[in-house]
Structures are given as C-alpha cells and as structure tokens.
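*Asks:* Full structure from sequences and hints, please.
Residue numbers (the UniProt record's numbering): 1 to 174.
No lab work stands behind these hints, which were simulated from the structure alone.
Every residue, glycine too, gets a C-beta built ideally from N, C-alpha and C.
Among the hints, a few may not be true.
Said to hold, decoys possible - Derived pair list, reagent style SDA-like, types lysine to any residue, alpha-carbon separation capped at 20 Å:
1. LYS104 to LEU37
2. LYS158 to LEU18
3. LYS49 to HIS112
4. LYS160 to PRO93
5. LYS164 to ALA152
Stated by the list, open to error - For each label pair, taking beta carbons as the anchor points, the in silico distance ranges come out as:
6. HIS65 to GLU133: 14 to 24 Å
7. LEU163 to HIS65: 28 to 38 Å
8. ILE75 to ILE159: 17 to 27 Å
9. ALA149 to ALA84: 22 to 32 Å
10. ALA155 to SER130: 30 to 40 Å
11. LYS145 to GLN76: 20 to 30 Å
12. LEU68 to PRO93: 37 to 47 Å
13. ARG79 to LYS104: 15 to 25 Å
14. GLU20 to ALA84: 15 to 25 Å
15. LEU163 to ALA131: 35 to 45 Å
16. ALA135 to GLU14: 15 to 25 Å
17. ALA148 to GLU20: 30 to 40 Å
18. LYS21 to LYS145: 29 to 39 Å
19. ALA43 to ARG79: 15 to 25 Å
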Amino acid sequence: MRSILATLRKEHDELRELFEKVNATSDRAEKTRRELLQKIEAALIPHAKWEETVFYPAFAERASHDQLLQHAEAIQEHRAVELAVLPDLHASPPDSRQFAGSMKVLSEFIDHHAREEEREMFKSARQLFSAQELAEFDAQYEQWKASAAAAAIAAHAKIKTGLKSIGRNPKAPG
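*Replies:* Structure below.
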C-alpha cells in the first residue's frame, strides 16, 4: 500500500543526491551549480509547501504535547531555510566560495531536518494516522504537485526568496 511517508522519504533521498552532486562541484562549475540549484528548488519547494499546508496541520490536530514540539521544530526549520538560507544562497554568485558555503549549510540543514522528520515525526505519524489515511495523503500529494495551486505556491516562494536575496549580495572573496 502506498504511503506519504515513503514518498517523502524518497524525496529526501533525491535531495540528498542532488546536494552531494552540487557540493562536489568546483567554483568553476557555475552552470552546473545553477542547474543543480534549480533542480533542488524544484524538488524542495513543493515538498516543503505541501508539508506546511497539509501534512503538518493534520499532524498537529492529532498530536500529543510532545509531538507538538516535533511539529514546531519542523515549522521553524522550514522558515529558517525559506527566510535566511535560500535568500543568502541566491545572493551569492554561483562561482564563489560564498555560494559553496551557503549550499553546504543548506544541504546540512535539509539533511538534519529530513533525518529528524524520518526518525521522529514519521514514527509519530504512523501512530496518529491509519495506513489508509497515509495512502490518501500520498494520493492527494501526487495530485497537488500536478496542480496549478502547487505551481502558484512554488512561484510565490521563489519570488519571495528572490526579493529577500536583494541587498544580501555578500562581497566575500571568490
């Protein structure tokens, strides 16, 4: 039976592979870095926005006091990436050490978040939701990712990141 937890874990693994590739590039691989950043955002943004708008609220509705802490941590980690790490990354030239450093921070942050989510939140979700409900979430997520709403939310997030990156252009040595 399908499960949203398996789908989200698979997407975490795909992101880890993309981060491994981009973190292995040199400063001269400007085009490759840009392409990999686009792929990372294309995978990351819909994933995060669906979690924030559907999965996390459903989780919070059924969560115990301790599970609400997991929920709060997850929300704050998403906010940190969206409001700080991604804008700093976009403010850095792809051929710079600043970009490489910001990408490394992003990859470590996402890996930490994904591991916590898989270890703690997914374990809790198996207690809070039936296998049928997890399968229904998976079907909803698949439909949502193909929707105009998902495209609009992703576009909005990218615009917001772009606007936040203005004025943050670090003058770090390349």
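*Asks:* Hints first: check each against the structure and report whether it holds.
*Replies:* Structure-based check of all given hints:
1. Proximity of LYS104 to LEU37 is assessed by CA-CA distance (about 12 Å); at most 20 Å being required, the pair is judged to hold.
2. A C-alpha spacing of about 19 Å is found between LYS158 and LEU18, which places the hinted pair at or below 20 Å, so the restraint holds.
3. Distance hint between LYS49 and HIS112 is fulfilled; the C-alpha atoms sit about 18 Å from each other, no more than 20 Å.
4. Only pairs whose Cα atoms come within 20 Å are accepted, and LYS160 paired with PRO93 is accepted, the gap being roughly 18 Å.
5. The straight-line distance between the Cα atoms of LYS164 and ALA152 is roughly 18 Å, inside the 20 Å bound, and the hint therefore holds.
6. Checked against the hint of 14 to 24 Å, the C-beta distance between HIS65 and GLU133 comes to roughly 22 Å, which is consistent with it.
7. The hinted window of 28 to 38 Å between LEU163 and HIS65 holds, with their beta carbons roughly 37 Å apart.
8. Range check, ILE75 to ILE159: Cβ separation about 21 Å, and the 17 to 27 Å hint holds.
9. A hinted range of 22 to 32 Å holds for the C-beta pair ALA149 and ALA84, which are about 26 Å apart.
10. About 34 Å separates the C-beta atoms of ALA155 and SER130, a value consistent with the hinted range of 30 to 40 Å.
11. Between LYS145 and GLN76 the Cβ separation comes to about 24 Å, which falls inside the hinted range of 20 to 30 Å.
12. At roughly 41 Å, the beta carbons of LEU68 and PRO93 sit within the given window of 37 to 47 Å.
13. Judged by the Cβ atoms, the range 15 to 25 Å given for ARG79 and LYS104 holds: they are separated by roughly 20 Å.
14. Distance hint check: the CB atoms of GLU20 and ALA84 are about 23 Å apart, consistent with the given range 15 to 25 Å.
15. At roughly 42 Å, the beta-carbon separation of LEU163 and ALA131 lies within the given 35 to 45 Å, and the hint holds.
16. In this structure the hint that ALA135 and GLU14 lie 15 to 25 Å apart at CB holds, the actual value being about 21 Å.
17. Remark: the range hint 30 to 40 Å for ALA148 to GLU20 is upheld by a beta-carbon distance near 32 Å.
18. Here the CB-CB span from LYS21 to LYS145 is close to 22 Å, at odds with the stated 29 to 39 Å.
19. Checking the proposed 15 to 25 Å range against ALA43 and ARG79 shows it holds: the Cβ atoms sit about 19 Å from each other.
Checked against the numbered hints given earlier, the structure breaks only hint 18 and satisfies all the rest.
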